[in-house]
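Protein chains: 2
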Amino acid sequence: MNPIEGHLPTRSPLHEILAPSGIAVVGASSDPTKRGYKAMVGLIKDGFRGAIYPVNPKADLILGIEAWPSIAAIPGTPELALICTPAASVPGLIAECGRHGIKGAVILASGFAETGAEGAELEREMMAQAEAHGVRVIGPNTSGVFNLHHRLNLLALDNVKSGDVGIISQSGNMLLSLALEAQYNGQVGFSTYVGPGNQSDIGFNDYLRYLGEDEHTRVATLYVEGFRDGRKFLEVARDVTAMKPVVVYKSGSTEAGQKAASSHTGALAGSYAMTVDLLRQAGVSVVHRSDEILPVAEGLGLLQKARGKRVAVISDGGGQATIASDRLAEAGLTLAELSEETRQKLREVLFPQASTVNPVDVAGSTDANPSLLATCMEIVAADDNVDSIFLVGMFGGYSIRFAESLLGDEMRGAEAMVDLSKATDKPLVIYSLYTPIKPPALRRLHEAGIPIYSSIEQSVRVLRALGERGDYLQLCEQYPREPALEPKPELGETFARARAEGRDLFEYEAKQLLREHGIEVPQERVVRSDAELAEAVAAFGEAPLAMKVVSKDILHKSDAGGVKLNLMGEAALRRARDEILASCRAYDDQAEIEGVLVAPMAKKGVEVIVGVIRDPIFGPVLMFGLGGIFVEILEDVAFRSIPLSRHDARSMVEQIKARKVLEGARGEPGIDMEALVELLLTVSRIADAYPELSELDLNPVILNADGYAVVDARVIVEREPIASHDEESAA
Amino acid sequence: MNPIEGHLPTRSPLHEILAPSGIAVVGASSDPTKRGYKAMVGLIKDGFRGAIYPVNPKADLILGIEAWPSIAAIPGTPELALICTPAASVPGLIAECGRHGIKGAVILASGFAETGAEGAELEREMMAQAEAHGVRVIGPNTSGVFNLHHRLNLLALDNVKSGDVGIISQSGNMLLSLALEAQYNGQVGFSTYVGPGNQSDIGFNDYLRYLGEDEHTRVATLYVEGFRDGRKFLEVARDVTAMKPVVVYKSGSTEAGQKAASSHTGALAGSYAMTVDLLRQAGVSVVHRSDEILPVAEGLGLLQKARGKRVAVISDGGGQATIASDRLAEAGLTLAELSEETRQKLREVLFPQASTVNPVDVAGSTDANPSLLATCMEIVAADDNVDSIFLVGMFGGYSIRFAESLLGDEMRGAEAMVDLSKATDKPLVIYSLYTPIKPPALRRLHEAGIPIYSSIEQSVRVLRALGERGDYLQLCEQYPREPALEPKPELGETFARARAEGRDLFEYEAKQLLREHGIEVPQERVVRSDAELAEAVAAFGEAPLAMKVVSKDILHKSDAGGVKLNLMGEAALRRARDEILASCRAYDDQAEIEGVLVAPMAKKGVEVIVGVIRDPIFGPVLMFGLGGIFVEILEDVAFRSIPLSRHDARSMVEQIKARKVLEGARGEPGIDMEALVELLLTVSRIADAYPELSELDLNPVILNADGYAVVDARVIVEREPIASHDEESAA
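For the record, the sequence lines run as chains X and R.
Oh and the first sequence: position 365 is 365 in UniProt numbering, straight run, nothing missing.
Oh and the second sequence: position 394 is 394 in UniProt numbering, straight run, nothing missing.
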C-alpha cells in the first residue's frame with residue numbers, strides 16, 4: 001500500500017479518464033483552423049498510445065485516421081471523449097457517450113453558465129444527461145487537458161516539457177505562459193494539465209485529489225477563479241499537502257478582479273482574505289503574484305525538503321546582501337544566528353574584512369577563488385541554527401567577470417554545491433546575476449535540481465514557501481485538530497425550541513451554551529419582576545451593573561435604547577429597567593419583551609470579536625479580530641476553517657496586525673494569551689458540535705491580564721433542515 | 001539656454017571629470033588579476049578618446065602604453081585620476097593629483113569609514129588633502145565609473161549596452177545585474193554609471209544633478225543605501241523630476257537590512273517609511289523590489305510620456321484580464337470607464353461574446369485576426385476617459401500558437417501599434433506571454449520603443465509609475481509650495497527668552513505661536529492665583545473644564561498627576577488645582593511650577609497627531625497620523641518635507657490607512673477635511689518661518705465635523721546657534 005492510498009481511501013475516477021486506452025474526438029476535422037483539427041494533431045504528434053476515433057459524419061478519414069459517423073458507430077469503447085462541437089449539441093452527445101460506455105467527456109464549448117441564465121439552463125440539461133448516463137464531465141468552457149506521461153495532449157500545445165508539475169488552471173493563457181516560462185527560463189516540466197472551466201461536474205477538489213494520487217506529479221499547481229465546494233477542497237488539500245506541495249494562485253483579490261472573473265468562468269467571488277487564510281491553514285502555498293507561481297512550484301517541487309524559517313545568506317556583494325536581508329525580514333523569515341563555531345570556521349577561510357555575521361559578505365575573498373562560496377555553504381549548513389541556505393551574487397559568472405582561468409575552480413564549486421545538496425536536508429536556493437546567461441557552473445547546478453533564480457525577490461519568495469511548508473509539516477504533527485465536543489441534550493433542546501419558535505437564541509441562552517462548554521461567561525440574571533430585580537441586587541452586591549433588554553424581536557439593543565451601563569443600587573436599577581422597557585416599546589410596539597438581563601460591568605481591557613459564520617463556499621469558519629474600527633475599517637481579521645487545531649488558534653492571534661495591542665501596548669499589561677487561545681478553540685468545537693448553530697457573534701469579548709469577559713453573545717439558529725450527526729459522520 | 005540650465009543655474013563640475021580629455025591610472029598594472037589592469041583594458045577596449053597615463057614606478061610600458069613613475073611625471077594634465085592603490089596610500093596621492101592640476105579622483109580602495117574608527121580617520125585625512133588641493137573625490141570604496149558616450153569605462157565591464165539610462169549605485173553587483181538584465185531581456189542601455197561608495201566628498205545629490213543636466217541621460221536610476229545630505233537631495237530631485245524621470249531603490253526597509261547596509265557603506269539608516277514619503281513628494285518613482293528597478297526605468301525612459309491612472313486593458317484571455325484587474329486595483333490604478341461610444345465601436349469589431357467593459361476580453365475574436373488587437377487599442381486610445389493602454393495576452397505568438405499563416409496579420413498589427421504609439425500621448429504597455437521567445441511582432445514593437453514585459457505584475461508596476469508621474473507633473477503645476485510666513489517679532493522674542501532660559505516653550509506660549517498664525521486654539525487661561533481662578537470661572541461659564549500644570553520642568557504631565565478633566569464649578573476647580581500642585585510637587589520637588597492652565601473640554605471627535613521633526617538627514621519634516629495605537633502600533637503615519645504644497649497636505653491625509661475613520665466610520669459624521677488640510681499647511685509654514693522651532697508636537701488634535709481643537713501643544717526649542725534668515729536665503 002503506498003502512502004497516498006493510506007491517506008485517501010478511494011482512488012479518483014480521473015485516473016481512468018486521463019489515461020484512456022482510447023479516445024473519441026467528436027467534431028474532429030481536417031480544417032486547420034478548427035479545434036477538432038488541432039486536437040487530432042496534438043494526439044498524433046505526441047504519440048498517444050491508445051486508439052483514436054475521430055467522429056465526423058462528413059468524413060471517412062481525418063489526418064489519415066479512419067473516421068466514424070457517430071459515437072455509436074465507434075467499434076471499441078474508449079474511456080474518454082473530446083467534444084469539440086458547439087454548446088447546443090453537447091447534452092445529446094453526452095447521452096450518446098454514456099450509451100456507448102464512455103466514462104468521461106472533455107467539453108470545450110463555451111456558452112454555458114458563464115454567459116447568463118440561458119447558458120445556465122443548457123448546463124443543467126447537460127448535467128442531467130451526464131448523471132443519467134454515468135458520464136463524468138471536464139468543463140464545459142475548458143481549454144482542454146493533457147497528460148504528458150500518457151502522451152495524451154488535447155491542447156495541441158507544442159514543446160511542452162514533460163516533468164512533474166501538475167497544473168489545474170481556469171485560464172488557458174496561464175498554462176501557456178507557465179509552459180513558455182518553464183521552457184525558456186525554468187527547470188521543471190509538466191505532468192498533467194486540466195482546465196476545469198465551469199466545473200459543472202468535476203471540480204477543483206477532485207482534480208487536486210487526482211494530482212495527489214498521481215505518481216508522476218511531485219507538486220500540484222492551481223490557478224483558481226472560484227471553488228465550487230470549498231470545504232471539500234480544504235479537506236483534500238489537507239491530505240495532499242501532507243504528501244506533496246500544493247501551490248495555489250487565487251484570483252479576485254480586489255473587487256475589480258472579482259467582477260472580471262465572474263464574467264470569465266461565472267465564479268463566485270467569496271472573500272479573498274478568508275480564502276487565503278483557509279488555504280494556508282490546509283498547508284497550501286498561496287502565491288499572490290502570477291509571476292511567482294512557477295518559481296514557487298519549481299522550488300518546492302525540485303527540493304522536496306523544507307525546514308523552518310531561519311535562513312543563512314552567503315553573498316559576494318554587500319548591496320545585494322542588504323537587499324536579501326530586507327526581503328527576508330519582510331517575508332517573515334529570519335536571518336539565522338550563526339553559532340560562534342560557525343563564525344570561527346568562516347573567519348578561517350575568508351579575508352579579515354569579510355562579515356561573518358549573517359548575511360555573510362565574503363568581501364572579495366572569492367574573487368580569485370569562487371569555490372570558496374561552496375565551502376562557506378558547507379560551513380553554515382552544519383550549523384543547527386540554520387534551516388536553509390541562500391547564495392546571493394555572481395556565482396557562475398566569476399569566469400566571465402574576472403578571468404577565464406577561474407572556470408575550473410568555479411566548476412569545482414558547483415560540484416561541491418551539488419554534493420552538499422545531496423548530503424544535507426537543508427534546502428539550497430541560489431540567486432545569480434548571471435542566471436540569464438546560463439553559464440556552465442549554473443548549468444551544472446540546474447541539472448542537479450538546485451533551484452536558481454534571476455531575482456532576489458523571487459528567491460526569497462521560494463525560501464518563504466519552503467520555510468512555511470517546513471513549519472506547517474512540523475506543526476501539523478505536533479497539533480492535531482482538537483477533538484469534537486459531545487453536544488449536550490439540554491442544549492439541543494434549547495436549539496430545538498428556538499427553531500420551533502422560528503427565532504434565534506436569546507442572549508442568555510447563547511451564554512448558557514458557552515458556559516456549559518467551559519467558556520467563562522460573567523454571571524448574569526434575567527429579571528422579569530421586581531422580586532427578581534431585588535434578588536439580582538442581593539446577588540451582585542455593590543458592583544456597578546449593566547442592564548440589557550431580552551427580546552427575540554430586538555436585534556440592535558443599543559439602537560432601541562435597550563442598554564444601560566454603570567448602574568448602582570436598587571433604585572437606579574428599577575429606574576433603568578422602566579426606561580429600557582419604555583424605550584424598547586417605543587422603538588417597536590410589536591416586540592415581545594421577556595425582561596432585562598443584569599450583569600456586573602466588565603473590567604477594562606482590549607475589545608475583540610470572535611465570530612462563527614457558515615460560508616456558502618467554505619462552510620463553518622471562525623473569525624477573530626480586534627473590535628471596532630480594526631475589523632470594520634482596517635479589515636484586520638483572521639479566519640480559520642472549523643474545527644481548529646491549537647496551532648490554528650494561536651496563529652490566528654499572531655496574524656493580526658494589531659497584535660501588539662494584545663501584547664500590551666502603551667504601558668498596558670498584555671492580555672492572557674492562553675485564555676484567548678482556549679476561548680477560540682472552544683468556540684470552534686461548539687460550532688462543530690451543534691450544526692443547529694448557523695452563526696455566532698461574541699462582540700465584544702473584553703480581554704485583560706486575568707482572562708476575558710464575553711460581554712455580548714448572539715447565536716443565529718439554522719432555519720434549514722439539518723443532517724443528523726450520525727448521517728454526517730457516515731458520509 | 002537649454003531648459004536644464006533654466007532650472008539649475010550652475011553646471012555640475014562632474015561634467016568635466018566624467019568626460020576628461022585624459023586620465024591617470026594610478027596603480028596601473030600588467031597583472032591580469034589586478035584592478036589596475038582591468039581598468040586599463042576597459043579604457044583601451046572601449047576606445048577611450050582621450051590620453052591614458054598609466055602610473056607605476058616599476059614599469060615602462062603597460063598594455064603597450066607608456067607608463068610614468070609618478071603623477072608628477074605625467075607630461076599632460078588629465079582631468080581625472082583613477083586610484084587603484086590601497087587605502088593607506090590615498091591621502092598622499094590625492095595631494096599629488098592636486099599639485100598636478102587633476103580635478104577629480106576615483107578611489108577604489110575600501111578600508112575607510114565603513115570599517116570603523118581607524119578607517120574614518122583615514123577618510124578625514126584624505127578629505128583634508130582633497131580640500132586643500134581642490135580635488136573632487138568619487139568614493140572611496142567605489143566600484144568605479146563609466147561614461148559610455150565618452151567611451152570612458154573604468155569598470156572593465158564587457159558588453160554593456162550604451163543607451164540613456166544613468167545609474168548611480170552603492171552596489172557594484174546591482175549595476176552588473178542591471179547590465180546583464182538589460183543585455184538579455186531589456187530594451188535599454190546605459191549612459192553614465194557612478195558608484196558613490198562612502199560619498200565622502202561627492203554625494204547622491206551631486207550625481208543626480210549631473211544626470212539631470214546630462215544630455216545623454218533620459219532617466220536617472222539610483223540604488224541608495226544612505227543619503228548624506230537628504231534635504232539637498234530632495235531639492236535636486238524636485239528640479240530633475242520636473243524634466244526627466246528619477247527612479248530610486250532605497251535599501252534598509254527593515255532593521256535587518258539597515259544593519260547590513262551600515263556594514264557595507266557605513267550608511268546612516270533613517271526611517272524607510274519617511275524616506276519613501278519624502279522622495280515621492282519630490283516626484284521620484286520609488287521602487288520597492290530590486291527586480292523592478294530596470295522595468296520601471298525602462299518604461300519611464302522609453303515612453304517619456306505619462307498621464308493619469310485610468311488604464312484600459314485589452315486582453316485575449318479572461319484569466320489574465322482578471323489578474324491584470326486585481327494588480328491594477330492593488331496598485332492604486334483604476335480600470336478606465338469606457339464611454340458608450342467606445343464600447344459601441346468595440347462591439348462593431350468583436351464577436352458578440354466579447355466583453356467590452358474594461359477589461360476588454362476579445363473572447364476569441366482575434367484568434368484568426370490578431371491585428372484586431374491593434375484596432376481595439378486605437379479605439380480605446382481615442383476615449384477621453386483613458387490615460388494609458390495595457391495589452392495583455394498572446395500578441396506576438398498568434399502565428400506560433402495558431403497558424404503560421406497569421407504572421408502577416410500579426411506584423412500588420414505590430415505596425416499599427418507602432419503608428420498608434422507615435423500618434424497618441426497615451427503610453428502603451430504590453431505584456432505578452434511570448435516575450436521570452438522574442439517573436440517577430442514583438443521585435444518590431446521593441447525596436448519602436450514600446451515597452452514589453454514578461455509578467456503582468458511588472459507591467460502593472462510600470463503603469464503605476466507612469467500614472468503617478470503623470471499625476472505628479474500635473475499637480476506640481478497646479479499646486480506650488482505655499483508661500484512662507486512672515487515671522488512675528490514678539491514670537492521671535494518668546495523663542496529668544498526660552499533659548500536664554502534654556503527651556504522649551506510653555507504650552508501657552510506654543511499655543512500663542514499657533515494662534516498668532518491663524519490656527520484655532522481653544523481659549524485658555526493661565527491661573528496663578530485664586531483671583532485668576534475666579535476670573536477663569538467667570539470667563540468660561542458652565543462648560544466642563546480641563547486643568548493642566550504649567551511647569552518647564554514637568555514634561556509628562558499625566559504621569560505627574562498634573563492633569564484633571566471634566567471639572568465643574570469654582571470649588572471643584574480650586575480642589576483640582578490644589579491636588580495638581582501637591583501631586584506635582586511630590587513627583588518632582590525641584591520642579592518650578594508656574595500655575596495651572598484652564599480650558600473648556602474639547603468636543604468629541606477623532607484624535608490625530610500633527611508633528612514637526614528636524615530629521616538629521618532630511619531636515620524639517622511634517623508628520624501626520626491618527627492618535628494612539630494608530631501611530632504607535634500600526635505605524636500608520638505620513639511624512640512630508642517642509643514646506644508643503646496644498647497637494648502635499650491633502651495627499652498625506654489620503655495616504656493614511658485609517659483615513660476612513662476621518663471620512664466618518666460607524667455612523668459618525670466625517671471630519672472637516674479642509675480645516676485639517678489648512679492646519680497641516682499652517683504648521684508647515686510656521687516651522688519654515690521659525691528656525692528656532694526644533695520640534696513641534698500637537699497631540700492630540702481633536703477633529704470633528706465643525707473643525708478641530710488643538711488640545712495639547714509642545715514646542716521644543718533649538719539649542720544650537722541658528723543661521724539668520726538673511727544668511728539662509730543668501731546661501
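Since the hints were made in silico from the structure, they are not lab data.
Backbone N, C-alpha and C define an ideal beta-carbon position, used for all residues, glycine too.
Hints may contain errors.
Claimed, not checked - Mimicking DSBU-like on lysine-lysine, the simulated pairs with C-alpha atoms at most 30 Å apart in a straight line are:
{"id": "1", "chain 1": "X", "residue 1": "161", "chain 2": "X", "residue 2": "345"}
{"id": "2", "chain 1": "X", "residue 1": "657", "chain 2": "R", "residue 2": "45"}
{"id": "3", "chain 1": "X", "residue 1": "657", "chain 2": "R", "residue 2": "660"}
{"id": "4", "chain 1": "X", "residue 1": "438", "chain 2": "X", "residue 2": "161"}
{"id": "5", "chain 1": "X", "residue 1": "604", "chain 2": "R", "residue 2": "660"}
{"id": "6", "chain 1": "R", "residue 1": "657", "chain 2": "X", "residue 2": "660"}
{"id": "7", "chain 1": "X", "residue 1": "603", "chain 2": "R", "residue 2": "103"}
{"id": "8", "chain 1": "R", "residue 1": "604", "chain 2": "X", "residue 2": "438"}
Said to hold, decoys possible - In silico contact screen, one side only, chain R against chain X (beta carbon under 7 Å); selected entries:
{"id": "9", "residue": "263"}
{"id": "10", "residue": "470"}
{"id": "11", "residue": "474"}
{"id": "12", "residue": "478"}
Going down the list of hints, with the structure as the test:
no.	hint	result
1	161(X) with 345(X)	violated, 43 Å
2	657(X) with 45(R)	violated, 56 Å
3	657(X) with 660(R)	holds, 17 Å
4	438(X) with 161(X)	holds, 18 Å
5	604(X) with 660(R)	holds, 26 Å
6	657(R) with 660(X)	holds, 17 Å
7	603(X) with 103(R)	violated, 74 Å
8	604(R) with 438(X)	violated, 65 Å
9	263	holds, 6 Å
10	470	violated, 20 Å
11	474	violated, 24 Å
12	478	violated, 28 Å
The earlier numbered hints that this structure contradicts are 1, 2, 7, 8, 10, 11 and 12.
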